[in-house]
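Novice: So the chains spell out like this:
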Amino acid sequence: MVARIFYAFLILLGGIAYGLLLGGISRKITARLQNRRGPTIFQNFIDVWKLFRKKTAISHGVMFYLAPMFRLVGGAGTFLLVPIVVGHPYLSNFSFGGDLIVIMYFMVLGCLGMALGAAESGHPHSPIAVTRGLSLMAGYELPFVVSVVVLMIADKTTTVEGIVRAQQGGILHWHIFTHPFAAAAAFISLLGMMMSYPFQVVMAPQEIPIGPPTEYSSSFLSYMFSGRSVFAVAKYVLFMDLFLGGATNLGWAFLKTFLIFLWPLFITNVFPRFKLEQAVSFFWTWPTLIGLIDLIRIYIVR
Amino acid sequence: MDKDKYFLNEKPGKLTYSGVFKRIDDWTRARSLWVVAYGTGCGAIEIRPTFTSRFDAERLGMRMAGTPRQADVIIISGYLTVKTLKRVIRVYEQMQSPKYVVALGACPINGGMYYDSYNAINKLDLYLPVDVWVTGCMPRPEAILAGFKRLQELIDSGRADGWKKYIENLDWYRENQKKIIKNWRMPNYNW
Chain F
1 MVARIFYAFL
11 ILLGGIAYGL
21 LLGGISRKIT
31 ARLQNRRGPT
41 IFQNFIDVWK
51 LFRKKTAISH
61 GVMFYLAPMF
71 RLVGGAGTFL
81 LVPIVVGHPY
91 LSNFSFGGDL
101 IVIMYFMVLG
111 CLGMALGAAE
121 SGHPHSPIAV
131 TRGLSLMAGY
141 ELPFVVSVVV
151 LMIADKTTTV
161 EGIVRAQQGG
171 ILHWHIFTHP
181 FAAAAAFISL
191 LGMMMSYPFQ
201 VVMAPQEIPI
211 GPPTEYSSSF
221 LSYMFSGRSV
231 FAVAKYVLFM
241 DLFLGGATNL
251 GWAFLKTFLI
261 FLWPLFITNV
271 FPRFKLEQAV
281 SFFWTWPTLI
291 GLIDLIRIYI
301 VR
Chain C
303 MDKDKYFLNE
313 KPGKLTYSGV
323 FKRIDDWTRA
333 RSLWVVAYGT
343 GCGAIEIRPT
353 FTSRFDAERL
363 GMRMAGTPRQ
373 ADVIIISGYL
383 TVKTLKRVIR
393 VYEQMQSPKY
403 VVALGACPIN
413 GGMYYDSYNA
423 INKLDLYLPV
433 DVWVTGCMPR
443 PEAILAGFKR
453 LQELIDSGRA
463 DGWKKYIENL
473 DWYRENQKKI
483 IKNWRMPNYN
493 W
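Residue numbers (this note's numbering), protein chains in the order written: chain F, 1 to 302; chain C, 303 to 493.
Okay, chain F solo, but in the shape it has when bound:
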């Protein structure tokens, strides 16, 4: 049990580090696309350390203090529920029967905590961004749930582990090939989850400078930063498990999550931004309809 906790802690630290590194790589790639030199790929580590060691003298109440913790716990909890390598004693994390539904609940926790904390900070930009964030969440959850339901019905299981096992036996068994429409819906909703550019309404830098964490500074921000990084990694790992057949060892896990990480990155760098209502109505029509094709197909095929 002690070993289990120790390894879970180690994996969590690894997840945070990997997330920060991916953030640095994304900043570098963005810079190169804009014909700049860009910061080093370790810039996010430097930022987090600097923020963590800064003084803070702001107080807005209890929820203000708790929100970064919610964010970190939401990220870390999601990350620890998703199996990285199925069947491995430690790398399968704390996945259990019925965990896909729990994961989907956990993914919302960070956003809700953030919403409560940001609302308490009292800055006018925060509630605007919170409203946008929660509306956008209502948008991208629908196609994601549709595609997850397709997988659940197809594999007759609600565990991530079962879905991974159902994809074994060659690249053409991956759900991205067997259920391409559901995969497409989920990958479009990933753009919304990662808040990449066409759906970048929450932190919209031109109107509400940084979004919900407007009043957050110093170590609050560093917790949020690391929480967001590990949450991003959790989502990449989840998508790898659901659609790219999971991983048999850490090398494959790194490669596949890196490929998934590139998808929102390249979209984000070439698109302008939707308005909120455009984003939500986009999610509720196109990806949802695409996902429904697979749902109907499954019923007809059976």
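These aren't lab readings, by the way, just hints derived from the structure by calculation.
Lysine-lysine pairs mimicking BS3-like chemistry, simulated, CA-CA at most 30 Å apart:
| id | chain 1 | residue 1 | chain 2 | residue 2 |
| --- | --- | --- | --- | --- |
| 1 | C | K388 | F | K55 |
| 2 | F | K55 | C | K467 |
| 3 | F | K55 | C | K480 |
| 4 | C | K451 | F | K28 |
| 5 | C | K451 | C | K324 |
| 6 | C | K466 | F | K55 |
| 7 | C | K385 | F | K55 |
| 8 | F | K55 | C | K425 |
| 9 | F | K55 | C | K451 |
| 10 | C | K324 | F | K55 |
| 11 | C | K324 | C | K467 |
Everything numeric in this text was worked out from a predicted model, so none of it was measured.
Since chain F is already given, all that's left is putting chain C on it; use the hints.
Specialist: The following block gives chain C in isolation, referenced to the frame of chain F:
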């Protein structure tokens, strides 16, 4: 209305940095400068090319901060009137320590071409602790980047301590500020 409910009126305690992590702290602080650009002077026009593709300040680890709460550096981009000085003080005090001030152009140094104006201040040093001055009217982005390199050297060697001076000599700074700002309708301390 109860003002104390909305503003922190306490003076901050003694802020000291020392110990094992000091070297790492200085190193990271120098390489991760988040900037809030207070763009009321003509120097604001030089900030944009500094931070965008042409001169790319991000390669030095700098980036624009959305709010003063998250910023490390405030750029005073040129002349300050009495009215804007009041806002600058407010913004500066909302930033979290350690924090640095970079003043652009001749105007904050000695008034520049506004030296005899009835409402522009002449010496910024009397009101805020400036860490790096960048001269010129206006300084080009190259000069601004050189100024930031200088600031990074100062931070890295632990010599950029304007924020400490500000807290230690707060009464002196306040006296100067209140001498020139007649309608001081804000809390005594906005930390």
